[in-house]
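The sequence shown begins at 0 in numbering that gives the first Met the number 0 and counts up by one.
Note that these hints are calculated values from the structure, not bench results.
Predicted model, so just to flag it, every value in this text is computed and none were measured.
Take the hints with a grain of salt, since some may be wrong.
As a list, the in silico SDA-like pairs of lysine to any residue whose alpha-carbon atoms are at most 25 Å apart [claimed, not checked]: (1) 293 / 331; (2) 293 / 345; (3) 213 / 195; (4) 197 / 108; (5) 293 / 321; (6) 129 / 156; (7) 129 / 158; (8) 293 / 209; (9) 293 / 333; (10) 197 / 343; (11) 213 / 224; (12) 213 / 335.
Label pairs and their computed distance ranges (CB to CB) [claimed, not checked]: (13) 93 / 298: 31 to 41 Å; (14) 216 / 327: 19 to 29 Å; (15) 293 / 422: 43 to 53 Å; (16) 322 / 220: 38 to 48 Å.
Just so it is clear, CB atoms sit at the ideal spot from N, CA and C, and this is done for glycine as well.
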Amino acid sequence: MNASARPRTRRIRIALASTAVVASTALVAPLPSADAQADAHVAGHLTGTLADGATWVADVPEQWNGTLLLFSHGFGPLVARNAPTDAVRTELLSQGYALAGSSYDPNGPMWALNSAERDQFATLDAVIAKIGTPQRTLAMGNSMGGLVNAQLARDGGGRIDGALGQCGLVAGGVDLDNYQLDAEYTLARLLLPGEEVKLVRFDSAADAAATAKKLTDAVTAAQATPQGRARIALAAAFLNLPAWAPGQEQPPATDWAGQQEQQYAWFAQGILSFVEGGRFAMEQSAGGNNSWNKGVDYARLLAGSVHAPQVRALYRAAGLDLRTDLSTLTAGAGITADPAAVRTAQRTFTAGQGLEVPLLDIHTTADNLVPVEQESRFASRVRASGDGALLRQAFVERQGHCTFTTAETVAALHALEHRVSTGHWDDAATPAALQRSATALGLDGAAYVTYRPAQLTVGRDRPGQH
Numbered sequence: 000m001n002a003s004a005r006p007r008t009r010r011i012r013i014a015l016a017s018t019a020v021v022a023s024t025a026l027v028a029p030l031p032s033a034d035a036q037a038d039a040h041v042a043g044h045l046t047g048t049l050a051d052g053a054t055w056v057a058d059v060p061e062q063w064n065g066t067l068l069l070f071s072h073g074f075g076p077l078v079a080r081n082a083p084t085d086a087v088r089t090e091l092l093s094q095g096y097a098l099a100g101s102s103y104d105p106n107g108p109m110w111a112l113n114s115a116e117r118d119q120f121a122t123l124d125a126v127i128a129k130i131g132t133p134q135r136t137l138a139m140g141n142s143m144g145g146l147v148n149a150q151l152a153r154d155g156g157g158r159i160d161g162a163l164g165q166c167g168l169v170a171g172g173v174d175l176d177n178y179q180l181d182a183e184y185t186l187a188r189l190l191l192p193g194e195e196v197k198l199v200r201f202d203s204a205a206d207a208a209a210t211a212k213k214l215t216d217a218v219t220a221a222q223a224t225p226q227g228r229a230r231i232a233l234a235a236a237f238l239n240l241p242a243w244a245p246g247q248e249q250p251p252a253t254d255w256a257g258q259q260e261q262q263y264a265w266f267a268q269g270i271l272s273f274v275e276g277g278r279f280a281m282e283q284s285a286g287g288n289n290s291w292n293k294g295v296d297y298a299r300l301l302a303g304s305v306h307a308p309q310v311r312a313l314y315r316a317a318g319l320d321l322r323t324d325l326s327t328l329t330a331g332a333g334i335t336a337d338p339a340a341v342r343t344a345q346r347t348f349t350a351g352q353g354l355e356v357p358l359l360d361i362h363t364t365a366d367n368l369v370p371v372e373q374e375s376r377f378a379s380r381v382r383a384s385g386d387g388a389l390l391r392q393a394f395v396e397r398q399g400h401c402t403f404t405t406a407e408t409v410a411a412l413h414a415l416e417h418r419v420s421t422g423h424w425d426d427a428a429t430p431a432a433l434q435r436s437a438t439a440l441g442l443d444g445a446a447y448v449t450y451r452p453a454q455l456t457v458g459r460d461r462p463g464q465h
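Construct the complete structure from the given sequences, taking the supplied hints into account.
See the structure below:
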């Protein structure tokens with residue numbers, strides 16, 4: 000966005016005295032940072048504490064352009080953040096944006112969906128009380144924070160003007176836990192037959208870590224045989240796991256063995272430790288197990304997967320009967336959910352039941368933690384609500400979770416601003432326009448591409464089925 004397209008620049012003045020905001024708020028000098036360039040643009044570094052103990056942080060540049068960005072961070076330590084990366088923070092401050100974000104309630108689990116939306120709106124109130132009403136407020140969020148961001152876009156009409164999501168878990172926590180359960184169950188049933196492997200209702204983080212280790216060890220051992228590799232590919236299909244790993248060339252469309260090797264690389268890097276740790280936190284948040292596989296037809300589930308041809312080819316090469324394995328999975332599927340936990344998760348872990356403001360989601364095409372197929376699931380729900388015109392989605396050809404360049408992030412923000420300013424998307428959010436905009440920034444490159452994600456492999460169309 001060039002200077003002429005920005006809102007009118009104005010200088011703000013912030014009182015040096017601390018003022019109470021719910022619990023406490025303090026204005027302090029800019030904190031020391033290795034990023035001296037970012038600090039050069041910070042006129043005010045504000046922090047505060049909300050009623051539930053959540054902390055918030057805001058940075059306001061000396062020449063504020065009037066736009067406040069409210070950032071929702073992803074799954075992890077409950078520490079206040081106001082930008083996805085330090086480099087993005089630097090660039091946005093240099094362009095005149097004010098940045099704010101909260102930690103969410105630190106007294107709860109890291110899966111903080113019970114408090115995140117509430118704390119983000121409370122942070123917005125606290126920051127506005129200190130710096131005045133912005134000319135425009137935009138939400139941003141990544142990963143779990145992308146789900147929070149979608150909730151803000153659903154509920155924030157009149158408080159925010161638009162939202163930018165990155166690598167967002169927008170299909171929601173119920174779908175996430177269910178398709179992850181399918182993969183975990185497949186590994187346990189086919190690679191560890193006869194063994195008891197605890198897959199749900201973890202008693203502690205150590206309990207979850209023990210399951211992750213057992214399953215990861217089983218995958219490592221299975222990779223040594225054609226039969227094991229075929230079964231790993233089946234589990235990877237249910238996990239919606241991309242067949243393109245970091246540091247490697249994307250395998251050809253029919254290089255089934257090469258695709259499996261790269262899926263295995265994700266397992267070898269410890270993806271199951273993240274999955275099981277996340278499940279424990281989500282069960283804490285929901286008050287029980289919100290996932291189930293009782294009644295799932297695993298043959299039908301695989302038939303809907305974009306990876307089905309790969310799995311069939313690897314089973315043939317290994318001399319295994321795929322129908323037998325799928326029948327074994329279907330016959331043994333007996334995990335049920337806790338109804339109260341499902342109700343809590345459906346209420347707090349979801350988005351897509353409508354939008355009140357424009358939302359632009361961007362996603363990498365080979366995301367190992369939040370599969371790009373989540374965007375298909377989310378878009379169908381938004382369209383069903385009648386709000387499809389408010390949603391745009393764009394894709395970056397790259398491996399990994401939230402691995403966007405600064406240029407890609409800023410270009411997407413400018414496209415969102417075009418929609419908010421004009422009332423029309425026009426072609427601002429098309430891959431070509433985003434690529435031109437990102438490249439013109441002269442920062443760290445971009446890889447926007449034309450892409451249509453496959454359907455999410457989840458196999459549970461009725462939300463209350465358990």
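Hint check results:
Simply put, residue 293 and residue 331 have alpha-carbon atoms about 8 Å apart, close enough for the 25 Å limit, and the pair holds. The suggested pairing of residue 293 with residue 345 holds, with an alpha-carbon distance near 18 Å, which does not exceed 25 Å. Among the hinted pairs, residue 213 with residue 195 is consistent with the structure: their alpha-carbon atoms are about 11 Å apart, no more than 25 Å. A C-alpha spacing of about 21 Å is found between residue 197 and residue 108, which places the hinted pair at or below 25 Å, so the restraint holds.
For the given pair, residue 293 sits about 20 Å from residue 321 by alpha-carbon distance, which is consistent with the 25 Å threshold. A threshold of 25 Å between alpha carbons decides the hint, and for residue 129 with residue 156 the separation of about 22 Å falls inside it, so the pair holds. Restraint check for residue 129 and residue 158: satisfied, since their Cα atoms lie roughly 16 Å apart, inside the 25 Å limit. Simply put, residue 293 and residue 209 have alpha-carbon atoms about 24 Å apart, close enough for the 25 Å limit, and the pair holds.
Between residue 293 and residue 333 the alpha-carbon distance is near 4 Å, which keeps this suggested pair within the 25 Å criterion. Between residue 197 and residue 343, the direct Cα distance comes to roughly 23 Å. Compliance with the 25 Å bound is thereby established for this hinted pair. With a C-alpha separation of about 18 Å, the suggested pair residue 213 and residue 224 falls inside the 25 Å cut-off, and the hint holds. Among the hinted pairs, residue 213 with residue 335 is consistent with the structure: their alpha-carbon atoms are about 22 Å apart, no more than 25 Å.
Checking the proposed 31 to 41 Å range against residue 93 and residue 298 shows it is violated: the Cβ atoms sit about 55 Å from each other. Between residue 216 and residue 327 the CB atoms are about 21 Å apart, so this pair conforms to the stated range of 19 to 29 Å. Take residue 293 and residue 422: their Cβ atoms lie about 48 Å apart, and the range 43 to 53 Å holds. For residue 322 and residue 220, the Cβ-Cβ distance of about 24 Å falls outside the hinted range of 38 to 48 Å, so the restraint is violated.
Consistency note: the structure conflicts with the earlier hints numbered 13, 16.
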